[in-house]
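Undergrad: Dock chain to chain to rebuild the complex, using the hints, since each chain is given by itself in its own frame.
Just so you know, the sequences run in chain order A and B. According to my numbering, the first sequence holds residues 1 to 289 in order. According to my numbering, the second sequence holds residues 290 to 823 in order.
These are calculated hints, taken from the structure and not from any lab test. Take these hints with a grain of salt, some might be off.
[As the list claims (entries may be wrong)] So these bits of chain A aren't anywhere near chain B, every CB distance computed over 10 Å:
#, residue
1, N26
2, F139
3, V195
4, R210
[Said to hold, decoys possible] Pair by pair, the computed Cβ-Cβ distance ranges are:
#, chain 1, residue 1, chain 2, residue 2, range
5, B, L345, A, G56, 35 to 41 Å
6, B, F526, A, M274, 44 to 50 Å
7, B, V610, A, M274, 50 to 56 Å
8, A, Q241, B, L541, 38 to 44 Å
9, B, H525, A, Q241, 53 to 59 Å
[What the hints assert, rightly or not] Under the rule of at most 25 Å between Cα atoms (straight-line distance), these lysine to any residue pairs were calculated in the SDA-like manner:
#, chain 1, residue 1, chain 2, residue 2
10, A, K227, B, K721
11, A, K227, B, K821
12, A, K227, B, A534
13, A, K173, A, V216
14, A, K173, A, R210
15, B, K821, B, F459
16, B, K491, A, Q241
17, A, K69, B, F459
18, B, K721, A, P100
19, A, K174, A, P100
20, A, K174, A, Q241
21, A, K239, A, G172
22, A, K69, B, T643
23, A, K255, A, E237
Every residue, glycine too, gets a C-beta built ideally from N, C-alpha and C.
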Amino acid sequence: MTKAMMALGLSLASSSALADWQVNLNQGVTEISRDIFDLHMLIFWICVVIGVGVFGVMFYSIFMHRKSKGAQAAHFHENTTVEVVWTVIPFVILIGMAIPATGTLMDMYDTSEADVDIQITGYQWKWRYQYLDEEIDFFSNLSTPREEIYNEAGKNPNYLLEVDNPLVIPAGKKVRFLITANDVIHSWWVPHFAVKKDAIPGFINESWVRVDEPGVYRGQCTELCGKDHGFMPVVVEVKPQAEYDAWVAAQRAKKAALAEAASQSYSVDELIAMGEGVLSTGHAPPVMR
Amino acid sequence: MATVDIDLPHVKDHDHDPHHHGPAKGIGRWLFTTNHKDIGSMYLIFSLCMFLIGGLMALIIRAELFQPGLQLVEPEFFNQMTTMHGLIMVFGAVMPAFVGLANWMIPMMIGAPDMALPRMNNWSFWILPFAFLILLSSLFMEGGAPNFGWTFYAPLSTTYGPPSTTYFIFGVHIMGISSIMGAINIIATILNLRAPGMTLMKMPLFVWTWLITAFLLIAVMPVLAGVVTMMLMDIHFGTSFFNAAGGGDPVLFQHIFWFFGHPEVYIMILPAFGIISEIIPTFARKRLFGYPSMVYAVASIALLSFIVWAHHMFTVGMPLVGEVFFMFATMLIAVPTGVKVFNWVATMFRGSMTFETPMLFALAFVVLFTIGGFSGLMLAIAPVDFQYHDTYFVVAHFHYVLVPGAVFGIMAGVYYWLPKWTGHVLNESLGKFHFWMSFVGVNITFFPMHFVGLAGMPRRIPDYALQFADFNSIASVGAFIFGLSQLIFVYNIIHNARVGEKATAQVWDGAHGLEWTVPSPAPYHTFSTPPKVD
Chain A
1 MTKAMMALGL SLASSSALAD WQVNLNQGVT EISRDIFDLH MLIFWICVVI
51 GVGVFGVMFY SIFMHRKSKG AQAAHFHENT TVEVVWTVIP FVILIGMAIP
101 ATGTLMDMYD TSEADVDIQI TGYQWKWRYQ YLDEEIDFFS NLSTPREEIY
151 NEAGKNPNYL LEVDNPLVIP AGKKVRFLIT ANDVIHSWWV PHFAVKKDAI
201 PGFINESWVR VDEPGVYRGQ CTELCGKDHG FMPVVVEVKP QAEYDAWVAA
251 QRAKKAALAE AASQSYSVDE LIAMGEGVLS TGHAPPVMR
Chain B
290 MATVDIDLPH VKDHDHDPHH HGPAKGIGRW LFTTNHKDIG SMYLIFSLCM
340 FLIGGLMALI IRAELFQPGL QLVEPEFFNQ MTTMHGLIMV FGAVMPAFVG
390 LANWMIPMMI GAPDMALPRM NNWSFWILPF AFLILLSSLF MEGGAPNFGW
440 TFYAPLSTTY GPPSTTYFIF GVHIMGISSI MGAINIIATI LNLRAPGMTL
490 MKMPLFVWTW LITAFLLIAV MPVLAGVVTM MLMDIHFGTS FFNAAGGGDP
540 VLFQHIFWFF GHPEVYIMIL PAFGIISEII PTFARKRLFG YPSMVYAVAS
590 IALLSFIVWA HHMFTVGMPL VGEVFFMFAT MLIAVPTGVK VFNWVATMFR
640 GSMTFETPML FALAFVVLFT IGGFSGLMLA IAPVDFQYHD TYFVVAHFHY
690 VLVPGAVFGI MAGVYYWLPK WTGHVLNESL GKFHFWMSFV GVNITFFPMH
740 FVGLAGMPRR IPDYALQFAD FNSIASVGAF IFGLSQLIFV YNIIHNARVG
790 EKATAQVWDG AHGLEWTVPS PAPYHTFSTP PKVD
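Chain B with its partners taken away, still in its complex shape (with noise of 0.2 Å):
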């Protein structure tokens, strides 16, 4: 065990380490911190930074997808939009934010002082905000943003993109280098700082989660890496990886780059499924159902991520013994998911429920998320994906897999730990009112989405058929209604956190683990003797 008892009495004596004393004054204190907590803060203040810009994005495209016709913006602006919306919510909303809440919980969770490489920490989520500036900054460049789609395809990225692309690549190459950190850091965490007695099949589910998480974070960034500068070569150094006519293959761009993108897709869910499988046990008053077959799915889930990549691609002519392979082996994903979905149901079932904000959140996912895995469950019937594919139908599967999935998942983790991280209770009324608002307006938006999918609407048009007009009317004003709701979140956490009544130690009568055995807010030092795990 590497956690070592340094909390004696006589250091306290001594004022030369302000580290024992709390945290530095002055914007110092945010700079050069390697204190989990702050580390922790300005990733998920980072991230709905990102969050909000993303959204005002989504709210472009959807304004000029109102009607038919266009409205507001060109088409190639249309194209720069839907890029950035994807790569700024993907890279800079959902996986920051799933950092900040390893950052601030996993060493709280484990019973560790911090994580185990904290200057690392530091450096990781420093080099961020960067990547970010850089990206955003070709919004203003000769030749527009990158307007190739967050998958950025080959040869449209490559020989038809904007001078912007080698931009982008640098910053997809800082993302990829802060993940890979933070993903070692986590690593080494879990599997070194655990309180005595915390065996691995003890952890709380997110720290399980994270492990798996963290490792698959491993396996693809650099594989992300990797396809980003085989795009730098052909761009700058005349290789021709992508490009037919020096004999290259635009098709191995997309195996490249979905080896990295379908991994990526359960790093984004991962984390959150750990997240509800805590929430879930608190507001049902008992313990979460099949503990050790929530781990086992998890983990099968991650390992077949690695084999199902191609179903991204049934169009682009595979051979057929592939096409039939990537459907069986996507259809088994939803064998291991649906486990989980019974287990949560499992847990509430003859439970003692209450409804507080981040169990609404939770609720919200389950039946939500599950939409999304049926519509994915759909989408792996090769036959019929290629009618799917490239269409509305699937912008809804994914938007219900990752805004009422992992965002939901995300936001029932804040409104759950916040009390904890500010020692003050967030505003019950503001809370729900804010996950009506939230659960109706993302409903009202993604629903209709599958209709015109299915009409035949493809996906990243600026203009559209006359056919398609009234759903896409409703969904632009449920998207304004989701989109406006998030004020008051950033309101609430912004003004409650702060006034909002003294929190208790456990915070939720129901919470169970090691994080509510410290007092609200949590000191900024934890566990520096660490606690002793039945």
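Bound-form chain A, shown alone (with noise of 0.2 Å):
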């Protein structure tokens, strides 16, 4: 009981300080997320206009003419030159908005001359990463603790934002993701690239983003896939291109130490050893029962 309270005291401190009050849209890191962000914002003004001006005259209504205050009910019920023109300037406002919006659709199926090609597969409940011209392949899973997900840890920053093994792409590099799925729909979503597409089993899907700015960027699975739906995030870590290289050279180089290890002969107590490696690392996804 006094651990439970306690876990509830630690998650609520933890909360509350992490937590911010978020409203808008990122901005994001690329020129497609710039685009679709103000794109966002012009139709939010656009509908923020119209509200002003309806619920304007809405509540004129409500506080002038009122019984109350002894309003008289006027006797006109129709006027067709007001009704065309409430008709007419939504339909031309509404073609001013879809046009830009038509090029940044265009530019977002671009997915032409692509520097460096990344298959995608979404499994329950985990990302699998192919290099297509690097043959590099891993799995990515959530790596937050158990622990923390029911409450008998602090949070850490990155609760069910974290993995195990990121993506990680080049800087100033145009990337198309080919993204499919084995099992159920997943959807593969990087709030601050402005890519979303869902991964179909039997289906590619292309997509692609081009990030100036090396950093880390966090986003989840956004189809319901089943029970841990919640807990398959996707993160991606763009590197300089040297760091990039560097890193597929590491990536490399492990493989070979690995196809080097698997022609060995062990004995039964060099395995034992190493199996129990294996189950420490904790590779067994974390909300499994």
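TA: Right, here's the structure in full:
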């Protein structure tokens, strides 16, 4: 009981310390994410202006044209001019809105001439990243410990948005994602890239990104995919070209070492020792019971 | 005109026809009734029960989401709650409530003695409780209730669904049959049983909106039946409609589902438009502005609803031209919807307004539904939708159009017409208290969801990252305020409907229409002789 109370206190303290009050979209770090942000703000302000107008007239009537103030009801109930005007004006506004939106959409769909091709496969409940030109292939699992999820330990700042092996991409390069799934439909989303694409079994969707600013960007699966849908985050590390190359070399070396190790023969004791290592790194998904 | 004057004096002298003397006694009255008023009441009571059950599930969801971490329920059960909450609210609460209102009001509004097909009316209600018993019983089955969201996307709902999916499919079939029969009945009634002089363009807007809604129902409920049948085939009979490994296409499911699902959205809002169009003129004491354009707006919304379905699927990888088409078509819906809102405001303008409970709900409807419409317009912009899709921004959007939209519309209608049904005026103070608690609760619940959605919180997750914590706590508090305030509503209608002040025939001094010409409570049989409308 006391332990539970402590955990509750701990989680409350950590959540209030780390939570913020973000109310708007992120501008993001790509040209397209910024275009999308601008479209979002444009349509938002159009809505605000229309809203202020409509609700303004409505509340004016509510305050001025009330029976308790002795208001007498007028008798008009149609006016063709007014009705035509308020049908045509929204139509024109919408056309004005749709044209830039179509332009952005065309940019988003232009996946040609990519520098790096990465296949992303959704699994229940993890992501697999395969670098098509580099022979790099790994899974990316949630790394938040189950103690944090069950409130038995304080939550770290990247709670539920952290993985064991993040996707690594080079800065300033056009990276094409080939997105599919192995079981049910998932959806791969990184808000700062404005890339969200459904991962559909049997089909390959395309999307792309060019990030100039190195850093770590976090997102989540956004299509309900079963029990642990909330526990399959996306983490992308954008590295400068040199660091990316070093990372690729390291991955290759690791792969070579593995291949080397696989061709060796081991004694029982050695195998037990290695097996313990695998178990304690917690590769079993943390929420599964 | 199909109406026949059967209310002859000599018939009244005989005892062998109890229908001319009022309702039968005991449970038989309800089981075997063919009276539109009885059936309307049963629909409404059923809907209220479902609203409370679905609401309870929403409160379980909000309690779990009050803070980060898993506290109360496991993810499996959380997914069952989101699924069942959606299904029950859509098919159990909102749709039957509108059918109940249609049963009660359409015959009285067009001067008909009853619905055109009274026995089918009885059947279309009585299969409904069984559909929901089947659906709810899946909560107690091995493997749990359906857990794939109310949109039940394949293959999560087929290859990967729980065993109870088959019961869910059976339940959906029964609901669909019920809806189709209800819709046939409404169309037959409106087209055949109008009083002499009640031309189509003189019909009250509630009748118009229901006529159009009924056509939508007949058009799309078979599509829903088709898609669940294809699921059934995939699950039990080795077909691969939605299984890529067998040559099928999971996205095909979404196209069929949303071809049903988008008109379904308007099925849940058009009758509310009708109710609001009745209430605002009454309490503004001024005729509805632009009646013909209101009718045309509803009709064009209904037609457009068939060509916008894929705006629910902007991220599935449609071709560019598909994205652009569905974006333009969707934005087009804003035009007739805007016309409706402008007409309501123009009706209020230079009226002589009072603010009884039905009017308060109607005004809140106009404001909050419009906010939901604005977020809908934002969602229509395809490139931006890539950021909004499947986040809490969408949850905020559709709850704004469904809760302060459809549900407030239903509540406004109940407060407006209940005195006609029971003959007792509801307690105004209690009604206003219910309104303000609901209004505040609904906004505290759903407004912050816009924020967490834009900040990046996906929908349908049982646990979330820390930056979403504060607004989620606020939303949960709001949900409990909203949920508990519905108990005031239940108390008000059950208690005061019996003991409240006696209502006059007109009830509201600005009310016009045939339903206000019969006494309150409305006699068991109204308009046995058709009234003359000029």
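Undergrad: Does each hint fit the structure? Answer for all of them.
TA: Here's how the hints hold up against the structure:
| no. | hint | in the structure |
| --- | --- | --- |
| 1 | N26 | violated, 7 Å |
| 2 | F139 | holds, 20 Å |
| 3 | V195 | violated, 8 Å |
| 4 | R210 | holds, 16 Å |
| 5 | L345/B <-> G56/A: 35 to 41 Å | holds, 39 Å |
| 6 | F526/B <-> M274/A: 44 to 50 Å | holds, 47 Å |
| 7 | V610/B <-> M274/A: 50 to 56 Å | holds, 54 Å |
| 8 | Q241/A <-> L541/B: 38 to 44 Å | holds, 42 Å |
| 9 | H525/B <-> Q241/A: 53 to 59 Å | holds, 54 Å |
| 10 | K227/A <-> K721/B | violated, 42 Å |
| 11 | K227/A <-> K821/B | violated, 61 Å |
| 12 | K227/A <-> A534/B | holds, 22 Å |
| 13 | K173/A <-> V216/A | holds, 16 Å |
| 14 | K173/A <-> R210/A | holds, 5 Å |
| 15 | K821/B <-> F459/B | violated, 46 Å |
| 16 | K491/B <-> Q241/A | violated, 72 Å |
| 17 | K69/A <-> F459/B | violated, 57 Å |
| 18 | K721/B <-> P100/A | violated, 46 Å |
| 19 | K174/A <-> P100/A | holds, 23 Å |
| 20 | K174/A <-> Q241/A | holds, 12 Å |
| 21 | K239/A <-> G172/A | holds, 9 Å |
| 22 | K69/A <-> T643/B | holds, 10 Å |
| 23 | K255/A <-> E237/A | holds, 20 Å |
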